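Chains as they are written, first to last, in our numbering: chain H, 1 to 151; chain E, 152 to 558.
By construction, these hints were calculated from the structure, which means they are not laboratory data.
Source: prediction; values computed, not measured.
A virtual CB, placed ideally from N, CA and C, is assigned to each residue, including glycine.
One or more hints might be untrue.
Unchecked claim - So the derived label-pair ranges between C-beta atoms look like this:
1) H:Lys102 with E:Lys455: 50 to 56 Å
2) E:Ser463 with H:Asp90: 51 to 57 Å
3) H:Thr104 with E:Asp305: 42 to 48 Å
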Amino acid sequence: MNNSHLRDLYQQMIMDHNKKPRNFRNMVDASHLAHGNNPLCGDALIVYLKLNDDVIEDVSFQGSGCAISVASASLMTEALKGKTLAKAGDIYDEVHRQMTGKGTDQHLSLGKLKVLGGVKGFPARVKCATLSWHTVHAAIDSECDVSVTTE
Amino acid sequence: MNSLDVLAIRKDFPILNQQVNGIQLAYLDNAASSQKSVQVIDAITEYYRRDNANVHRGVHQLSQRSTDAYEASREKVRNFINAKFDKEIIFVRGATEAINLVAHSFVKPQLNPSDEILISHMEHHANIVPWQMICEQTGAQLKVIPMTLQGELDLSNLDDLLNNKTKFLSICHVSNALGTVNPIKNIITKAHAKNISVLIDGAQAVPHMTVNVQDLNCDFYVFSGHKMFAPTGIGALYGKQSLLEDMAPWQGGGDMILSVSFECTEYNEIPYKFEAGTPNISGSIGLGAAIDYINKVGIYRLSKHEQNLLVSATAKLQAIEGIKIIGEAKEKVGVLSFTLKGVHSHDIGTILDQHGIAIRTGHHCAQPVMKFFGISDAARASFAFYNTMDEVDALIQAIKKVRELFA
Ligand SMILES: Cc1ncc(COP(=O)(O)O)c(C=O)c1O
Numbered sequence: 001m002n003n004s005h006l007r008d009l010y011q012q013m014i015m016d017h018n019k020k021p022r023n024f025r026n027m028v029d030a031s032h033l034a035h036g037n038n039p040l041c042g043d044a045l046i047v048y049l050k051l052n053d054d055v056i057e058d059v060s061f062q063g064s065g066c067a068i069s070v071a072s073a074s075l076m077t078e079a080l081k082g083k084t085l086a087k088a089g090d091i092y093d094e095v096h097r098q099m100t101g102k103g104t105d106q107h108l109s110l111g112k113l114k115v116l117g118g119v120k121g122f123p124a125r126v127k128c129a130t131l132s133w134h135t136v137h138a139a140i141d142s143e144c145d146v147s148v149t150t151e
Numbered sequence: 152m153n154s155l156d157v158l159a160i161r162k163d164f165p166i167l168n169q170q171v172n173g174i175q176l177a178y179l180d181n182a183a184s185s186q187k188s189v190q191v192i193d194a195i196t197e198y199y200r201r202d203n204a205n206v207h208r209g210v211h212q213l214s215q216r217s218t219d220a221y222e223a224s225r226e227k228v229r230n231f232i233n234a235k236f237d238k239e240i241i242f243v244r245g246a247t248e249a250i251n252l253v254a255h256s257f258v259k260p261q262l263n264p265s266d267e268i269l270i271s272h273m274e275h276h277a278n279i280v281p282w283q284m285i286c287e288q289t290g291a292q293l294k295v296i297p298m299t300l301q302g303e304l305d306l307s308n309l310d311d312l313l314n315n316k317t318k319f320l321s322i323c324h325v326s327n328a329l330g331t332v333n334p335i336k337n338i339i340t341k342a343h344a345k346n347i348s349v350l351i352d353g354a355q356a357v358p359h360m361t362v363n364v365q366d367l368n369c370d371f372y373v374f375s376g377h378k379m380f381a382p383t384g385i386g387a388l389y390g391k392q393s394l395l396e397d398m399a400p401w402q403g404g405g406d407m408i409l410s411v412s413f414e415c416t417e418y419n420e421i422p423y424k425f426e427a428g429t430p431n432i433s434g435s436i437g438l439g440a441a442i443d444y445i446n447k448v449g450i451y452r453l454s455k456h457e458q459n460l461l462v463s464a465t466a467k468l469q470a471i472e473g474i475k476i477i478g479e480a481k482e483k484v485g486v487l488s489f490t491l492k493g494v495h496s497h498d499i500g501t502i503l504d505q506h507g508i509a510i511r512t513g514h515h516c517a518q519p520v521m522k523f524f525g526i527s528d529a530a531r532a533s534f535a536f537y538n539t540m541d542e543v544d545a546l547i548q549a550i551k552k553v554r555e556l557f558a
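So here's chain H without its partners, still in its complex pose (with noise of 0.2 Å):
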């Protein structure tokens, strides 16, 4: 058995975020928002956000998936709130390059969200780390409500 691998991705960060996600809940003055989809799974969640400016004052989500997807939007959540649309960007993208294994940029820590890099030995379970982080994209990008799905 590769119990290795296996704590690799369902580290403690990752079950505690998945028992108790943070900033899960609805948010009735958000700026922004957009549904993410993984029909094949069967996770879907709503990311709430309000901008002022091009800053995040504040991100929420919530919805329901696989231990995964939710920790990730959790960790995502917490990562994103305060920051500029630039950095978050930026966070974005090392994310993204983590958890397919494309290597790191050494200019940023990503500090607890490198957990999340777990998912790279488990190609098909990328799919539900990226879900909140395509969502929240679609959601800066869109001034509407908008659909997402990273299958």
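Starting from the known structure of chain H, fit chain E with the ligand onto it as the hints suggest.
Same frame as chain H, but now just chain E with the ligand:
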């Protein structure tokens, strides 16, 4: 009757003998697609090494051999489901294509805006979407036979659901998500009493039980080869001769015509009318070989072994705290869908894969079933005759590990 020699059978399926993630593979995703015996693999290889040519087109030796092999497979399929005539067997890509063919060539031309098509709540998307498409095109309505919490069809209102607006009934013999074996003979009789034609989606039935289309008296019966130990890309549509003869062709091209001019084309007779273009010859040969294999093992012995696996796996799984089994019909094939409290099926699937165990996760192309049970997804272990009790135990042990990890 002596029981199945599973270890001998496993030697015929080379793919089973491998390690996944460092552990002996336990392939428990047979309802999605089944594995192929060396006999099937060799039949296809031999065909390409020795006989390959187009069918029905050449006067030369190889074309004749190909044609003979292709038609011999049709005869095997006829025999396998006990159809009356070889020409009632049409080779298609699979169950999906067969359902679409019947929807477009048989049902759609008869549909008026107030008509109804009846399906059931436990259908695979392949037996929902084609009907929705022709309903959309004609203004007809799609009606649904409900189901019970056990995962059986609720037939209490069947007499109302089969009414004078109903033009067609299409239901599964066996549910892919629940394993339920439906009382289709009864339902077919009731539909026929009201002059309603019936298609049976047998994709999950043919690998596990004897099917006799004349006894069932269904009008159409469809299945896919890849779920019954044959290759992908081949399947069969059975239709009663009189119905097939009255139906317009679905696709146009070579093989399906008798003569073509720019003014007028005369269609070929059945089954060729529905087999436009060069067919999947090697696939049909593989399907024939798979039928030979099933017959050699014996469908009775095979299903008995699978039932033993199902009963044991169900009891052991149920004993695990947090497990809910989805689909508890009295009559089931070896399909075991379940949820584990607090754990998404994808996480179960990934962890089981690390233990060498292949199961299906997600919605199983049956989202209405998932919705009915108030879930978005489930894990599903599905057995074939080459599975063993040791594999059942490996499954149970691995699920216990999942619980520990998520505790
Ligand atoms: C009950 C049922 N019907 C139809 C299908 C579709 O079969 P195919 O994808 O081979 O056309 C499946 C496959 O999962 C099935 O289980």
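* Going back to the hint list, which numbers does this structure go against? -> Those not satisfied come down to hint 3.
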